[in-house]
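Chemist: First to last, the sequence lines map onto chains A and B.
Counting with this note's numbering, you get residues 1 to 405 for the letters of the first sequence.
Counting with this note's numbering, you get residues 1 to 405 for the letters of the second sequence.
Simulated from the structure, these hints should not be mistaken for laboratory data.
Values in this document were obtained by computation on a predicted structure and should not be read as measured data.
All residues carry an ideal CB built from backbone N, CA and C; glycine is no exception.
Among the clues, some could well be false.
[Said to hold, decoys possible] Footprint (simulated), chain A over chain B, 3 or more residues, beta carbon under 8 Å:
no.	stretch
1	51-58
2	78-92
3	306-316
4	319-325
5	341-354
6	389-401
[Claimed, not checked] Here's a subset of chain B near chain A, in silico, CB distances under 7 Å, partners left out:
no.	residue
7	GLY119
8	THR228
9	ARG328
10	LEU334
11	VAL336
12	ILE372
Number of protein chains: 2
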Amino acid sequence: MAVGLGPLPTLHPVPGFELGIASAGIKRPGRRDVVVMRCAEGSHVAGVTTTNAFCAAPVIVTRERMQGAVRYLLTNTGNANAGTGEPGLVAAHRTTARLAELAGVAEAQVLPFSTGVIGEPLPVEKIEAALPAALADLSPDNWAAAASGIMTTDTLPKGASRQFQHDGVTVTVTGISKGAGMIRPNMATMLGYIATDAKVAPNVLQDLVRDAANKSFNRITIDGDTSTNDCCMLIATGQAALPEIERAEGALFGALKAAVLEVFMELAQAIVRDGEGATKFVTVEVNGGAAAQECLDVGYAVAHSPLIKTALFASDPNWGRILAAVGRAGVADLDVSKIDVFLGDVCIASRGGRFSGYTEEQGAAVMAEAEIRIRIELGRGQFSETIWTTDLSHEYVKINAEYRT
Amino acid sequence: MAVGLGPLPTLHPVPGFELGIASAGIKRPGRRDVVVMRCAEGSHVAGVTTTNAFCAAPVIVTRERMQGAVRYLLTNTGNANAGTGEPGLVAAHRTTARLAELAGVAEAQVLPFSTGVIGEPLPVEKIEAALPAALADLSPDNWAAAASGIMTTDTLPKGASRQFQHDGVTVTVTGISKGAGMIRPNMATMLGYIATDAKVAPNVLQDLVRDAANKSFNRITIDGDTSTNDCCMLIATGQAALPEIERAEGALFGALKAAVLEVFMELAQAIVRDGEGATKFVTVEVNGGAAAQECLDVGYAVAHSPLIKTALFASDPNWGRILAAVGRAGVADLDVSKIDVFLGDVCIASRGGRFSGYTEEQGAAVMAEAEIRIRIELGRGQFSETIWTTDLSHEYVKINAEYRT
Chain A
1 MAVGLGPLPT LHPVPGFELG IASAGIKRPG RRDVVVMRCA EGSHVAGVTT
51 TNAFCAAPVI VTRERMQGAV RYLLTNTGNA NAGTGEPGLV AAHRTTARLA
101 ELAGVAEAQV LPFSTGVIGE PLPVEKIEAA LPAALADLSP DNWAAAASGI
151 MTTDTLPKGA SRQFQHDGVT VTVTGISKGA GMIRPNMATM LGYIATDAKV
201 APNVLQDLVR DAANKSFNRI TIDGDTSTND CCMLIATGQA ALPEIERAEG
251 ALFGALKAAV LEVFMELAQA IVRDGEGATK FVTVEVNGGA AAQECLDVGY
301 AVAHSPLIKT ALFASDPNWG RILAAVGRAG VADLDVSKID VFLGDVCIAS
351 RGGRFSGYTE EQGAAVMAEA EIRIRIELGR GQFSETIWTT DLSHEYVKIN
401 AEYRT
Chain B
1 MAVGLGPLPT LHPVPGFELG IASAGIKRPG RRDVVVMRCA EGSHVAGVTT
51 TNAFCAAPVI VTRERMQGAV RYLLTNTGNA NAGTGEPGLV AAHRTTARLA
101 ELAGVAEAQV LPFSTGVIGE PLPVEKIEAA LPAALADLSP DNWAAAASGI
151 MTTDTLPKGA SRQFQHDGVT VTVTGISKGA GMIRPNMATM LGYIATDAKV
201 APNVLQDLVR DAANKSFNRI TIDGDTSTND CCMLIATGQA ALPEIERAEG
251 ALFGALKAAV LEVFMELAQA IVRDGEGATK FVTVEVNGGA AAQECLDVGY
301 AVAHSPLIKT ALFASDPNWG RILAAVGRAG VADLDVSKID VFLGDVCIAS
351 RGGRFSGYTE EQGAAVMAEA EIRIRIELGR GQFSETIWTT DLSHEYVKIN
401 AEYRT
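Hey, can you work out the whole structure from these sequences and the hints?
Modeler: See the structure below:
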């Protein structure tokens, strides 16, 4: 029961970027579970990957190779190839070697991605067998099919697209994503693939993906569990008839950065909207911090609190739980007499206690909505951070308690 | 449905310490919701209190006064006097002033404690009206009644008691506790009161309570939410015919320290066993850390993971979720190839992957028990830490979603 997430929007093709989908039957026969993406020669690829020390074999391989002249990205669902040790690395190498052989490129030009159950051996032969069909399917118009192909337990495919004009040339940014590992436990992984036809120098591209991911994918949380397989890749094919962006400055860079951030945000928020058992889409906005980190500390304390999340599920404006979470966030020398807390536009707490003008009816009206904003004003400085999360429902416990049974 | 928690054990009286219970009818008429404790003249009191910046009014007052010549501790349930701002402080002062007047001591010799709903004004008159009856009820034999008197939504009262002999003299340590704020959200508060008739110098007593609380009350977690009202008090009446313990050394100090720690441990674990919706009592033991903090980081990452907690509820030996939590705990330079994970005595994961000799049947057998030990060997050093927690059940969501409705 995704919150405010409809059918896929129009996903504009990106010149120089093609996608092909095929069925390897990893979890069940007929499921289209292998996605191959091809980037035109001269493309640059940048990415951010999981910070989990137990990262999966394909993540290790992708990290090693993504600085090079990448031509293909190979994704399978149904098996995360995580917690598989040395044999997992061998398996990742085998599938990419086979794709490289079929496509006539070097093995190091293929990046592997896997998502699905942790700890099972990757079915290499099944994936290899599906590669010819995936290559034959390659087309710039396959974004929607690929968005479905990378899903695991997501209830809806996720995609976003933007275009802008620069010197009479249309530049496109299109991407797809799938459920975060933190909300898709054993079916580990948040995956995001975003491509643009702008021509971007590698160092600028890497800064762009890191910055956009920090403001989007790294600001969503369901339950605080970071997967072993998370990857977010940004591909610049350079096919647009525009000069290369060599520095993080100028009008073209600014327009691209804005479009990339919008696509990242939409994809990241879509993951939260489709969170396990989610009945609410919750924005936690923390303003007035003396540093960005303390805003994040407060935001995550609120976003991870099971007491607040169950109150959100119950549409209960339980402001005491919010104050208590702010108070335990570990902010040094926090002066509670300067803190205001808002639910939507309603001030619920001020100066360390219930706001004098607040009524339960006001709070209840906000909590009855499917989309809720909790705003905390710390009154200590100029920093702000925003985090997106969900409520904690009966359905979440049901899904995660019964996942393997 | 408390896990492994039976009727109260024998709670030996502590010479020089009396308890009296009365009804103020704060939440409902007839409920015995006010507890007065009296310490003999010359007693020393030490305590640790919540680290939540939004601490309740009585916590502020208790912190100010506990260094002095404390004679009375006044506890009410049904109202936390938290999030109540300046009027809350006035209310705390009023109730303690009234008790001081009735008892013929100075107001500063009375410590206030409150637990219950956050954000409602403390019903001062009701509490004041109950004080004469509570004073009339004072007796060294009232530990069990007091254990019930401080309960809020706890399903069972919690107490523990130890005695030891030193130079032919019997020394007693007896205590009671009530549900942690983190598991009793709006009915905020973990409260613990432990008394001994040993004579202990104030600085030694303060170190003793801090050390014991760190190893017990500060190592339990249900959902990571720290209450605004947590207090744990250790009272030494000095009535035992033994010399004062002036330093943290010697046989008497050693015996007392051991007895105090045992009582603290039993009281703290009782809180977890009675955790909201708990169906499992879970010990998370982290060994082989390069520092205590990294053991705690790993332990809490596991203990707070909703994915692991729901798997525990389902009795599902989902080792992938445990590895993923260890991996995201933020330990610098974690070498996953050195990590072993055990469920009970069963090795489930070794060197970053599933242990070769492990079978699901072995794991399932351990998970079917009501008391489960997760042991993580980091292989980096000599530090160890242990944390106690519960599973995450349908009942937890139900209790916390419906608490105020």
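Chemist: Run every hint past the structure and note whether it holds.
Modeler: Going down the list of hints, with the structure as the test:
1. Evaluation of the coverage hint for the stretch 51-58 of chain B: fulfilled, as 5 residues show C-beta separations to chain A shorter than 8 Å, against a requirement of three.
2. Note: the stretch 78-92 of chain B has 5 residues with beta-carbon separation from chain A under 8 Å; the three-residue rule is met and the coverage holds.
3. As drawn, the stretch 306-316 of chain B meets chain A at 7 residues by the rule of a beta-carbon pair under 8 Å; at three or more, the given contact holds.
4. Here the stretch 319-325 of chain B counts 6 residues with a CB under 8 Å from a CB of chain A, which clears the bar of 3, and the coverage holds.
5. For a cut-off of 8 Å, the count of residues in the stretch 341-354 of chain B with a CB near a CB of chain A stands at 5, and the three-residue condition holds.
6. Counting residues of the stretch 389-401 of chain B whose beta carbon lies closer than 8 Å to any beta carbon of chain A gives 8, which meets the minimum of three for the stated coverage.
7. A distance limit of 7 Å between C-beta atoms decides the matter here; for GLY119(B) the minimum to chain A is near 5 Å, and the interface restraint holds.
8. A hinted interface residue such as THR228(B) counts as satisfied when its beta carbon comes closer than 7 Å to some beta carbon of chain A; here the least separation is about 5 Å, so the hint holds.
9. With 7 Å as the threshold, the beta carbon of ARG328(B) comes within range of chain A, its nearest partner Cβ sitting at about 4 Å, so the hint holds.
10. At about 4 Å, the closest approach between the beta carbon of LEU334(B) and any beta carbon in chain A falls short of 7 Å, and the interface hint on this residue holds.
11. Hint status for VAL336(B) relative to chain A: holds, with the closest Cβ pair at about 5 Å, below 7 Å.
12. Nearest Cβ of chain A to the Cβ of ILE372(B): about 15 Å, over the 7 Å cut. The hint is violated.
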